[in-house]
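Asks: Chain by chain, the residues run as shown.
There are 2 protein chains.
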Amino acid sequence: MTAGPPSLTQDEVSSSPTRCRILATAERFFREIGYQKTTVADIAKTLGMSPANVYRFFDSKKSINEAVVERLIGEVETLISRVADRPGLSASERMREIILALHRDSIERITAHPRIHEMVEAGMTESWEVCSHHVERITAVLARVIAEGKAAGEFRVADPAHAAGCIQTAILRYCHPVLIVRCPGDVAPPIDGMIDFLLGGLRAG
Amino acid sequence: MTAGPPSLTQDEVSSSPTRCRILATAERFFREIGYQKTTVADIAKTLGMSPANVYRFFDSKKSINEAVVERLIGEVETLISRVADRPGLSASERMREIILALHRDSIERITAHPRIHEMVEAGMTESWEVCSHHVERITAVLARVIAEGKAAGEFRVADPAHAAGCIQTAILRYCHPVLIVRCPGDVAPPIDGMIDFLLGGLRAG
Chain A
1 MTAGPPSLTQ DEVSSSPTRC RILATAERFF REIGYQKTTV ADIAKTLGMS PANVYRFFDS
61 KKSINEAVVE RLIGEVETLI SRVADRPGLS ASERMREIIL ALHRDSIERI TAHPRIHEMV
121 EAGMTESWEV CSHHVERITA VLARVIAEGK AAGEFRVADP AHAAGCIQTA ILRYCHPVLI
181 VRCPGDVAPP IDGMIDFLLG GLRAG
Chain B
1 MTAGPPSLTQ DEVSSSPTRC RILATAERFF REIGYQKTTV ADIAKTLGMS PANVYRFFDS
61 KKSINEAVVE RLIGEVETLI SRVADRPGLS ASERMREIIL ALHRDSIERI TAHPRIHEMV
121 EAGMTESWEV CSHHVERITA VLARVIAEGK AAGEFRVADP AHAAGCIQTA ILRYCHPVLI
181 VRCPGDVAPP IDGMIDFLLG GLRAG
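Sequence order for the protein chains is A and B. Sequence positions in the first sequence follow our numbering and run 1 to 205. Sequence positions in the second sequence follow our numbering and run 1 to 205.
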């Protein structure tokens with residue numbers, strides 16, 4: 001056993017204001033100087049604490065990133081759930097608005113913080129579960145709107161969950177931070193045309 | 001002016017067997033030790049020539065990569081053009097076969113040479129024109145098959161070129177080396193289900 005601060009219970013860890021400050025600081029570092037160049041020592045120093053104290057809350061930089069990415073994913077989910085619940089719009093209209101919201105949100109985040117894709121790339125490489133969980137949750141929102149559109153006679157797809165997976169995969173080019181950063185020219189169709197095409201697929205069944 | 005071997009005419013450069021040997025050697029290095037770690041000096045040494053001689057044919061490692069990627073793209077184009085021309089198949093069947101061929105080809109290349117994505121990433125970052133030219137050529141083949149399907153009454157899309165762009169963008173997850181390497185888990189729908197969905201879009205118009 002190494003000497004160090006006493007260990008915390010699971011509840012103490014997840015509800016701690018210190019954990020929250022570590023996350024906020026880490027997120028700022030990841031955004032501003034990038035995930036690769038940030039060290040746990042930098043984060044600790046900024047908070048005026050020892051690296052050992054940071055390790056009471058997170059066992060690695062990877063775990064910190066997982067929590068940061070998890071929070072970011074929560075924001076995206078909230079954003080699109082709100083669009084999915086918007087009253088007075090058809091399912092097609094809500095699908096269009098959700099896809100546009102995902103696209104705009106990705107562009108805005110990357111424009112504001114060009115290094116954010118490093119965080120996401122690290123998450124994809126080191127913590128694929130976090131990413132796959134994200135995909136599942138976004139797919140669930142899309143599937144709900146598609147099922148509503150099917151009930152309303154707008155869409156004819158047999159399996160809303162499958163169609164949701166297809167749509168989410170089809171729009172990667174417009175929403176995936178890594179592709180947005182790495183495909184500078186625009187060889188993809190404008191997003192509105194892509195949405196029209198995909199809505200055609202939903203209507204066709 | 002720096003002293004060095006005499007410069008070559010454009011014709012001498014592009015038809016030279018030396019150029020061809022440089023490309024073959026570079027491609028092997030990029031595949032085996034990766035684009036980042038390969039130097040022009042390594043390539044020259046393997047060929048028993050001076051780096052200055054390599055520079056008579058290519059002005060940078062970037063230019064060598066462009067030529068290597070260009071060759072690889074030519075292979076992919078030939079592959080799918082052959083499928084597009086296959087007699088006795090409907091346009092829907094040929095579209096399915098083309099998408100499957102693009103997918104299998106990407107998987108095979110990456111399985112055989114896991115570092116190949118470095119070449120492609122470098123190409124995307126340093127030589128976007130090469131990539132965008134590739135996208136255009138693949139889109140042209142898809143557009144041709146879609147137009148034939150439209151003429152045959154199989155598809156109802158208004159603009160085959162636009163639909164081709166949508167399909168090519170929608171299948172990125174299955175064909176893009178960077179995504180194949182970086183998305184290890186499989187959260188995307190199986191490719192056959194995705195193709196069914198996209199063919200639905202083509203039929204719907």
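There's no promise every hint is true.
Identical copies carry no separate label here, and so any pair may be met within one copy or between two of them.
[What the hints assert, rightly or not] 30 Å max Cα-Cα, derived DSS-like pairs, lysine-lysine:
hint, residue 1, residue 2
1, K45, K150
2, K150, K37
3, K37, K62
4, K62, K150
5, K61, K37
6, K150, K61
7, K62, K45
Please keep in mind that the hints were generated in silico from the structure rather than gathered at the bench.
Asks: Confirm or reject each hint.
Replies: Structure-based check of all given hints:
no.	hint	verdict
1	K45 to K150	neither (54 Å within a copy, 64 Å between copies)
2	K150 to K37	neither (48 Å within a copy, 53 Å between copies)
3	K37 to K62	both (13 Å within a copy, 26 Å between copies)
4	K62 to K150	neither (41 Å within a copy, 51 Å between copies)
5	K61 to K37	both (11 Å within a copy, 27 Å between copies)
6	K150 to K61	neither (44 Å within a copy, 54 Å between copies)
7	K62 to K45	within (18 Å within a copy, 40 Å between copies)
Of the numbered hints given earlier, the model fails hints 1, 2, 4 and 6; all others are met.
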